[in-house]
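Visitor: Here are the chains, one letter per residue:
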Amino acid sequence: MDTICSHTAKTDPRRRPRFRVNPRPLIPLLALACLLLLGIFSAPGAAPGPDTFSQVQEHRLKNGLKVLLLKESRAPIISVQVWYRVGSRNEELGKTGISHLTEHLMFKGTEKIGPKEFTRMVQKPGGSDNAFTSRDYTAYFENGPKTELRRWLEMEADRMRGLKVSQEDFTTERKVVLEERRLRTEDDPISFLMEEVKAVAFKAYPYQWPVIGWFHDVETLTRDDFLKYYRRYYQPNNCTVVVVGDIEPQEALKEVEATFGAIPPGPEPPKVTAKEPRQWGERRVIVHREAQLPFLVMAYHTPNWDNPDAYALELLSGILSQGRSSRLYHNLVYQQRLALQAGADYTLDTAAPALFTLYAQPLPGKTVAQLEAALEAEVKRLQTEPVGEKELQKAKNQTVAGYYMAQDSLFFRGMLLGRLETTARWTLVQEFVPKILQVTAADLQRVAKKYLVADNRNVGILSPIKTDKPKMERFTPGGQIK
Amino acid sequence: MDRLNKAVALGVILTLVWTGAALGASPPKVLGVREKLPNGLVWLFSEQTGLPLVTFSLLVKAGTLQDPQGKEGLANLTAVLLRSGTKKRAAAQIAAELDFLGARLGASGGDDYAQLSLTVLKKDLAAGLEIFQDVLLNPVFAPQEVTRKVAEIQASLKSDEDEPMVVAARTFNKDLFGAFPYGHPTRGTKEGLAAITPKDLVEFHRRYYRPNNAILCVAGDLTLEEARKWVAQILGSWPAGEIPALQLPPVPTLKERKVVMINKDISQANIILGNMGIARDNPDFYALQVMNYILGGGGFASRLMENIRVQRGLAYSVGSQFDPGLKPGYFAVSLETKNASAAEAVEQVLAEMKRIREKPVTPEELQDAKSYLIGSFPRKMDSLSKRAWLMGYTELYGLGLDYPWRYPQLMRDLTPADIQKAAWKYLHPEKFLLVVVGKKSEIPSLFGSQPPAGKEEKKDAQTKPHH
Numbered sequence: 001m002d003t004i005c006s007h008t009a010k011t012d013p014r015r016r017p018r019f020r021v022n023p024r025p026l027i028p029l030l031a032l033a034c035l036l037l038l039g040i041f042s043a044p045g046a047a048p049g050p051d052t053f054s055q056v057q058e059h060r061l062k063n064g065l066k067v068l069l070l071k072e073s074r075a076p077i078i079s080v081q082v083w084y085r086v087g088s089r090n091e092e093l094g095k096t097g098i099s100h101l102t103e104h105l106m107f108k109g110t111e112k113i114g115p116k117e118f119t120r121m122v123q124k125p126g127g128s129d130n131a132f133t134s135r136d137y138t139a140y141f142e143n144g145p146k147t148e149l150r151r152w153l154e155m156e157a158d159r160m161r162g163l164k165v166s167q168e169d170f171t172t173e174r175k176v177v178l179e180e181r182r183l184r185t186e187d188d189p190i191s192f193l194m195e196e197v198k199a200v201a202f203k204a205y206p207y208q209w210p211v212i213g214w215f216h217d218v219e220t221l222t223r224d225d226f227l228k229y230y231r232r233y234y235q236p237n238n239c240t241v242v243v244v245g246d247i248e249p250q251e252a253l254k255e256v257e258a259t260f261g262a263i264p265p266g267p268e269p270p271k272v273t274a275k276e277p278r279q280w281g282e283r284r285v286i287v288h289r290e291a292q293l294p295f296l297v298m299a300y301h302t303p304n305w306d307n308p309d310a311y312a313l314e315l316l317s318g319i320l321s322q323g324r325s326s327r328l329y330h331n332l333v334y335q336q337r338l339a340l341q342a343g344a345d346y347t348l349d350t351a352a353p354a355l356f357t358l359y360a361q362p363l364p365g366k367t368v369a370q371l372e373a374a375l376e377a378e379v380k381r382l383q384t385e386p387v388g389e390k391e392l393q394k395a396k397n398q399t400v401a402g403y404y405m406a407q408d409s410l411f412f413r414g415m416l417l418g419r420l421e422t423t424a425r426w427t428l429v430q431e432f433v434p435k436i437l438q439v440t441a442a443d444l445q446r447v448a449k450k451y452l453v454a455d456n457r458n459v460g461i462l463s464p465i466k467t468d469k470p471k472m473e474r475f476t477p478g479g480q481i482k
Numbered sequence: 001m002d003r004l005n006k007a008v009a010l011g012v013i014l015t016l017v018w019t020g021a022a023l024g025a026s027p028p029k030v031l032g033v034r035e036k037l038p039n040g041l042v043w044l045f046s047e048q049t050g051l052p053l054v055t056f057s058l059l060v061k062a063g064t065l066q067d068p069q070g071k072e073g074l075a076n077l078t079a080v081l082l083r084s085g086t087k088k089r090a091a092a093q094i095a096a097e098l099d100f101l102g103a104r105l106g107a108s109g110g111d112d113y114a115q116l117s118l119t120v121l122k123k124d125l126a127a128g129l130e131i132f133q134d135v136l137l138n139p140v141f142a143p144q145e146v147t148r149k150v151a152e153i154q155a156s157l158k159s160d161e162d163e164p165m166v167v168a169a170r171t172f173n174k175d176l177f178g179a180f181p182y183g184h185p186t187r188g189t190k191e192g193l194a195a196i197t198p199k200d201l202v203e204f205h206r207r208y209y210r211p212n213n214a215i216l217c218v219a220g221d222l223t224l225e226e227a228r229k230w231v232a233q234i235l236g237s238w239p240a241g242e243i244p245a246l247q248l249p250p251v252p253t254l255k256e257r258k259v260v261m262i263n264k265d266i267s268q269a270n271i272i273l274g275n276m277g278i279a280r281d282n283p284d285f286y287a288l289q290v291m292n293y294i295l296g297g298g299g300f301a302s303r304l305m306e307n308i309r310v311q312r313g314l315a316y317s318v319g320s321q322f323d324p325g326l327k328p329g330y331f332a333v334s335l336e337t338k339n340a341s342a343a344e345a346v347e348q349v350l351a352e353m354k355r356i357r358e359k360p361v362t363p364e365e366l367q368d369a370k371s372y373l374i375g376s377f378p379r380k381m382d383s384l385s386k387r388a389w390l391m392g393y394t395e396l397y398g399l400g401l402d403y404p405w406r407y408p409q410l411m412r413d414l415t416p417a418d419i420q421k422a423a424w425k426y427l428h429p430e431k432f433l434l435v436v437v438g439k440k441s442e443i444p445s446l447f448g449s450q451p452p453a454g455k456e457e458k459k460d461a462q463t464k465p466h467h
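So the protein sequences, as listed, match chains W and U.
With my numbering applied, the first sequence corresponds to residues 1 to 482, in that order.
With my numbering applied, the second sequence corresponds to residues 1 to 467, in that order.
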């Protein structure tokens, strides 16, 4: 459930749909988290292949900048990534969305680079760039020919401290972000529901608000707000530079030093001190909006990577929703035919404790109440019966295989390092699979009993507003279009 | 007939080999090896070491193009049901065996082909391929599985309507392509799906799932000898068959500006504006690719993004795209903007279309576009899955395995005049299909001056406002 907003919409060039916006997954944020969960982590003890992360080189420059380098010379390509330890959790009510707006403004140019030049300079030799913001981090990247290493590092170093944003550019970009919010949330009933669930689940911790910010907050952010924020968080001592690809690490380190080394460190940015207190009873939120089908979310407070239970929770989410033999798919979608889709989501590498989420969408004719009962039955089963040996082994096998499959992408390897270093520490990548392999059936039962309990639950329901006529009919052949 | 079938018909067996290895430093000039089984199956292979993984990806020319009229969705349904039971394995057993290996077996429909794709750890290759073979050759299409999947697809078609851009896209395709198969969703229509019987699926599979109608792409941690052994073992006995010729209805011609407005209580107008584009074998492809990059395909390097997002702040996402398949696809611009800005955005889209038709692009724009398209090509083949996909793409569209190395030359000679010619030919600022999904009461009149009577067709979707 790690919401990510990016600078530009992404398309997969390998898809060649006819004008087909391929429908976004119903919960895009969950889908992304699942991808992360699937494969990302470390080489197991008895690995079927090499530990690709054993070659990571770690450095810290004098100004506090963290540098992670990984050589992978399959193709003459690199991924340069700059990760700032700032996200929407660093914001305050009334100013939500400032992290993400700042991300957009980072493309507006500096003394050296004109306001329209940044992306063009990256694209010219065949590279591409983008950026994304989450609750915990803001990251910028360039992917492309290895010959561009020095130039891209220079450009990133330049905009770390040297951004120039006119009032006019600020106002225009704020409008763009409002359009992004309309697109992502205002006109998307399931995203809207997810926002509500998080807002009700967190009363004290700043995971309460959406990464993109509340509409009115974004509307009223000022250039001064942005400047203050930028100066506070965009400092070398609050940043990790990752370079993965066809590099010589020693050479690359010299380039990083030559480009970022002279930037003086800034004052240490303020820490987030908030802590979410224990929840003492179920919270429920209902969204009435125009929608084709209802949707149900059940979110439980759970610990993050900092607590050993995280590994059992990670595996638990796999048992519930990884693959077509997983419990939620097999039972709710396939056998009982209650749900169009059902799943579980948990992200271990958040900076602060977050949520373990179950979700389901009923097939037409089935109800949210039926799904809620079915999800509760699955939770109860986890609490009362130990997971069988073969099922446990299956979930572990999936984790190991997924670990290698995810690494097929160079960019993703870099993303994993940057993300872990920003929210936890990058070495988690090497601990993860061994720790997953140690999880026992008793651990799974214990964490299910400890966390997946009604008092710790936040239930969200999308309840479609009834229209006189099913809207579907407008688009059937020979249908309603006059 | 495309090149692939011609080659099959003539019994031509083309084998390309790596030249790079022999020459040492110089890069390989082909993506991989191309071979053919006696049953007609063309297969392509690229050795990729580094990760202990193997991918087998089979493209079968059994896509939306093969959907019979009245049974829209049959091709996709056949593909997705491959995993739902064989003569010796029930659906749940297939899922359980694959999940235990941690393998990924994808089965999906598409416009021009269906795809069955397995990615598995090398140590589990034998077990993975045995399932791959079983689902490909022995699916049973049991009635209860068909019913289940049809209900699921119908529900997902319905659920997708919560995305306004999907609503716009479906309407755009339907109105642009008419009864031509590209006009309906790959997953089909509610009615088309309802008309499909298990017998239809068995028959469709028998007819089109043939080695002489398919391309197999193999990439990963295998030697050529190992790959040969596996391909022969799992697909050598797959019997060839005669593939019926396609009979396709014509695509209707747009004679005027046509506007379709669909009312929905949302904050943005979701806009698609376009007309027909080209098939992949059209020689204009390269000029059109460059023109598209400059107009709206090049992200922040494109004119539409610069004008509509950067200058005016009207949209988060705006761009143009075209979709060259085995048959001609669309060329379209799409964007989302708050309802009140819809007219201004459409006006700017049309202005940019006119500008690129009327004035040649600058030498610098042309150079930047070429240099991006050439320079980004290596990223289309930098992973196992991308490499497998690219090999299949070059084979399906008759481009040859040396395509990546020929591509720069295909780009290099294009001139500003070529780009302008492509714009003239494929952009029609007076004659286009415009679909808008948004809140009608907030959307201003889309065109300042109305065209003369009879020059425009307008449609409104009927819908009742909710209270």
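Among the hints, a few may not be true.
Pairs of lysine-lysine residues, derived as PhoX-like cross-links and limited to a Cα-Cα distance of at most 25 Å, are as follows [unchecked claim]:
1. LYS390/W / LYS123/U
2. LYS116/W / LYS123/U
3. LYS390/W / LYS431/U
4. LYS175/W / LYS439/U
5. LYS439/U / LYS71/W
6. LYS431/U / LYS421/U
7. LYS124/W / LYS421/U
These stretches of chain W come out as covered by chain U in the derived footprint (C-beta under 8 Å, 3 or more residues) [to be verified]:
8. 121-135
9. 164-178
Beta-carbon label-pair distances, calculated as ranges [what the hints assert, rightly or not]:
10. ALA92/U / HIS59/W: 29 to 35 Å
11. PRO68/U / THR384/W: 40 to 46 Å
12. LYS164/W / LYS425/U: 50 to 56 Å
13. GLN233/U / GLN250/W: 45 to 51 Å
14. LYS380/W / ALA90/U: 24 to 30 Å
15. GLY178/U / THR220/W: 47 to 53 Å
16. GLY94/W / PRO252/U: 36 to 42 Å
17. LYS88/U / ALA442/W: 35 to 41 Å
18. ARG223/W / PRO68/U: 57 to 63 Å
19. TYR407/U / ALA258/W: 33 to 39 Å
No lab work stands behind these hints, which were simulated from the structure alone.
The C-beta atom is built at its ideal place from N, Cα and C for all residues, glycine as well.
Visitor: Which of the listed hints are broken here?
Guide: 2, 3, 5, 10, 11, 12, 16
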